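**Student:** The primary structure of each chain is shown beneath.
There are 2 protein chains.
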Amino acid sequence: MSIFRFFTRTPSAPAARERLQVLLAHERTNGDESDLVTALRDEIMAVIAKHMQIDREKVSVKMERGAQVSTLAVDIEIPFDGKKRAA
Amino acid sequence: MSIFRFFTRTPSAPAARERLQVLLAHERTNGDESDLVTALRDEIMAVIAKHMQIDREKVSVKMERGAQVSTLAVDIEIPFDGKKRAA
Chain A
32 MSIFRFFTRT PSAPAARERL QVLLAHERTN GDESDLVTAL RDEIMAVIAK
82 HMQIDREKVS VKMERGAQVS TLAVDIEIPF DGKKRAA
Chain B
32 MSIFRFFTRT PSAPAARERL QVLLAHERTN GDESDLVTAL RDEIMAVIAK
82 HMQIDREKVS VKMERGAQVS TLAVDIEIPF DGKKRAA
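Chains as they are written, first to last, in my numbering: chain A, 32 to 118; chain B, 32 to 118.
It is worth saying that the hints were derived from the structure and are not from the lab. The hints are all genuine.
Given that identical chains are not distinguished, each listed pair holds provided it fits within a single copy or across any two copies.
Each computed EDC-like pair below joins lysine to aspartate or glutamate, with the alpha-carbon atoms no more than 20 Å apart:
{"id": "1", "residue 1": "89", "residue 2": "58"}
{"id": "2", "residue 1": "81", "residue 2": "66"}
{"id": "3", "residue 1": "93", "residue 2": "58"}
{"id": "4", "residue 1": "81", "residue 2": "58"}
{"id": "5", "residue 1": "89", "residue 2": "74"}
Remember, it's a predicted structure, so these values are computed and weren't measured experimentally.
Please construct the entire structure, taking both the sequences and the accompanying hints into account.
**Tutor:** This is how it looks when you write it as structure tokens:
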């Protein structure tokens with residue numbers, strides 16, 4: 032499954048940056064489609080944006096929908112000058 | 032690493048429930064401690080609570096802090112009658 036590739040991939044060359052990764056996995060016992068993961072994606076991104084400036088070009092979003100499991104993987108590269116102080 | 036155990040563990044016996052898993056991984060290039068993951072935990076839980084009723088007894092939260100990476104794993108069991116309609 033690609034979620035394992037996502038978290039086990041070899042790090043890129045060292046660089047002066049931080050990364051924040053978010054993974055959601057929604058497992059359903061019935062086969063109904065669900066927009067829960069889709070809905071959470073934008074709201075969680077908004078939560079993150081309250082803590083730091085997010086460069087849209089530095090954000091990778093991968094979503095996979097299966098019959099039983101939907102997964103969302105968000106990978107955010109954080110510039111050092113993009114940090115805000117949390118209130 | 033335990034985050035892999037978390038996502039690869041054998042499912043429990045089939046039951047009439049759904050699960051939502053959230054994983055955060057914050058990778059720092061300097062060694063400074065960060066409360067980013069801690070801050071995001073409560074705010075993301077609040078986002079999820081807008082979409083469903085969360086039974087605190089059905090929520091597992093595991094946090095690990097390392098020198099370079101902090102991880103947070105949240106595992107939520109969703110009762111079928113706990114769903115709300117997203118606005």
